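**Student:** As a plain string of letters, each chain reads:
2 protein chains.
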Amino acid sequence: MPLIVSWVDSANAANCPFPLNNLPCGVFTSSDGARHCGMAIGDRIIDLTALEGAAVIALDGGPLLDQPDWSRLMAAGPAVWASLREQITALLQHGSQRRKLVEPHLTVISGAKLHLPFKVAEYTDFYAGRHHAFNVGTMFRGPENALPPNWLHMPIGYNGRASSVVVSGAEIRRPWGQIKGPNDEMPRFAPSQRFDIELEMGAVVGLPSESGKPVTVAEADAMIFGYVLLNDWSARDIQAWEYQPLGPFQAKATATTISPWVVMKAALEPFRVSTPPREVPLLPHLKEDGPLLYNIDLEVGLAPEAATESVISRTNYREMYYSAAQQLAHHTTSGCCMRTGDLLGSGTISGPTKKSRGSLLELSWGGKEPLTLDGGQERSFLNDHDTITLRGRAQGDGYTIGFGDCTGRILPALDDPYAR
Amino acid sequence: MPLIVSWVDSANAANCPFPLNNLPCGVFTSSDGARHCGMAIGDRIIDLTALEGAAVIALDGGPLLDQPDWSRLMAAGPAVWASLREQITALLQHGSQRRKLVEPHLTVISGAKLHLPFKVAEYTDFYAGRHHAFNVGTMFRGPENALPPNWLHMPIGYNGRASSVVVSGAEIRRPWGQIKGPNDEMPRFAPSQRFDIELEMGAVVGLPSESGKPVTVAEADAMIFGYVLLNDWSARDIQAWEYQPLGPFQAKATATTISPWVVMKAALEPFRVSTPPREVPLLPHLKEDGPLLYNIDLEVGLAPEAATESVISRTNYREMYYSAAQQLAHHTTSGCCMRTGDLLGSGTISGPTKKSRGSLLELSWGGKEPLTLDGGQERSFLNDHDTITLRGRAQGDGYTIGFGDCTGRILPALDDPYAR
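These protein sequences, in sequence, are chains A and B.
Counting along the first sequence from 1, when you hit position 149 you're at 1592 in this note's numbering, and nothing is skipped either side.
Counting along the second sequence from 1, when you hit position 383 you're at 1826 in this note's numbering, and nothing is skipped either side.
Just so you know, these hints were derived from the structure itself, not from any lab.
Possibly wrong hints are sitting among the right ones.
Since copy identity is lost for identical chains, a pair holds within one copy or between any two.
Said to hold, decoys possible - Taking lysine to aspartate or glutamate pairs in the DMTMM-like style, the calculated list, with each CA pair at most 25 Å apart, reads: (1) 1797 <-> 1614; (2) 1543 <-> 1848; (3) 1730 <-> 1628; (4) 1656 <-> 1827.
Since we're looking at a predicted model, the values are computed, not measured.
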């Protein structure tokens, strides 16, 4: 599919992340001070809450966008999602007769205050990247036992903490936690010294499923509304001490940052690719009928305080061993119902090379091989005031699909977290 | 504190679970078909939504009970919780001048349709019972290594799945899942054969906490609105195969049943007891200033289809090593914010003796020592059509505090979970 040309000129540049082909969903503070739903187009946001209020667009079962987030529209299902895209595409397309109706409802993106695009119902994080699982497993158990025995048979995941999900730009306070180093006799309560990132994509559930009714992989794919970039901030020293036997808990609960824009599945359709070849056959309920991953280039930038950014990792979403649809299908196997606004983190997306690893844990090999940044500084884990930015880009025929930066800056730990 | 005598005579019997001292919070279908908030008193429900609507009671910041659940009132905080109890106690107390105003708003409990009392924001389950952790650890790793190294230093927990929480009475469908026995070469997708219960109490968060601000144990205690009985249904065969390295996932996602009544903290105040002696000193942020557990007798009944119930376990909430306040404080250490409606499962409450174990896994020692029920049937794990009932009771001076039965009946697994 080629570029769909818009009368919003900035949307037509080949490197603009928000062409008319994209139309990602976000929430911004409108001039009236309220949160409105909008889509990014070029360097503008189109105010959908206002357009629906003015009856320029109309949706089955509407109003659906008279809300401070996208959750109601997400619940309305694929036919409504498609109808919305169709109406907005027609309004913004070059030559549209209704341009004059739309122009008053465009706002400049730069400077707009963006919010979480949807109510995060629950947050699940997976461990479904082959290279990441192998790297981490090798560090802890050696290369022979790197992958847990179940890993090639199902997407391993755990429930995360939805209340910790924040939108890009939120500052991230270095956490305190219980820590016990390998040579410590007793644990202590202290700020994390091994605070890390995880480069992930997040799948956003639109259509809910029914309790007691597992869904197929194809049904799961149809339930997904769209995708975000996701940074699962992780305190490795807290994690190492707490995670046996029930998995990560406080190590992952400080914050999880998502990009401000949810890219709808329809915008990613041209970029579908298959998961890598299976190393062992999957059980039937996890088999894919078609390509369910996406070819999305990803990168991680790290900018120390008052210094330029270094790109510390470049990888691609297609490196995942399991797709989001497979993860979602697995999530329902026991009868667990999924809800509108459930967020599924892909797991860390590492590629096969050293420079394509998606966490500092892997990039610095547990701190043994610190990274050297462009300006000469070294990093094993995050320093205070570092800014991390995730970026994602799917390259179309004369256009680019982007997600907006997924960024967060590290604030120093509180001196005394219990001071009031 | 002695019995507070009510003009609702049934509330004054020494063995009635709902005396005026209790006033637990539930949600029921009112005669107008809508969900109303109510409190149990004797064999009746007092309709608080109606009483507030009729201005018989008034709450700061109200209306708070014009809702299909208690979440708004729970968020209002301890002063409002106390004010509500005070007003309802005055209305229902023997000799009340306003009895005539209240009588039209009493409904018989038996036959009332009860619902989840609050919106479950997120659900966290702990592993904080000493005997349970020791039993399970012994089965898997031997008695020398039974407790994980971190266990005596912090309440180990994991995030569960809030969408799976159901109210007492909901039928529980035996789940399918990926299972690989110790002698199987490959996993298979099949109905769980080791479907189990976990006898727990749940703490319900009323007051939220702030992101980035850990709370002390005392602050955590003040945030707790009340307690429920909780059955964390668990598929042991699914759990065994999936839980490494990130913890239980689908094994615990079929359902978690809670009692229909939330007993407010104030009603449990006379039953406070200390946690057991610490085996190693706790770090300061987890230390308790006073008694934070409760003396609540607990039991589990198992009734096979068309057969009488056997009580298969009798224990007490005071067997926990960590209190809910300690668990909640730990939950915020990394800066994780807690929200109104968060539900914290205590972990399985097993006592020191064989007959006080809180799961079939322990009672049948992993299936090696099947239980014999009163009627002669044997059980290692749950059979189809078994009904499990949890009961809790705090014994006061001439009165009893109860939670209502926490019950669920097992339905057979679907023949084909993907049939549509």
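**Student:** Work down the list of hints and note, for each, if the structure agrees.
**Tutor:** How the hints compare with the structure:
For the identical chains of this complex, residue 1797 and residue 1614 are neighbours neither inside a copy (28 Å) nor across copies (51 Å), given an alpha-carbon limit of 25 Å. For the homomeric pair residue 1543 and residue 1848, neither the shortest alpha-carbon distance inside one copy (30 Å) nor that between copies (63 Å) is at most 25 Å. Taking the shortest alpha-carbon separations for residue 1730 and residue 1628, only the inter-copy value of 20 Å comes in at or below 25 Å, while the best intra-copy value is 47 Å. For a Cα distance limit of 25 Å, the shortest separation of residue 1656 from residue 1827 across copies, 18 Å, qualifies, whereas the shortest one inside one copy, 46 Å, does not.
Going down the numbered hints, you'll see the structure goes against 1, 2, while the others check out.
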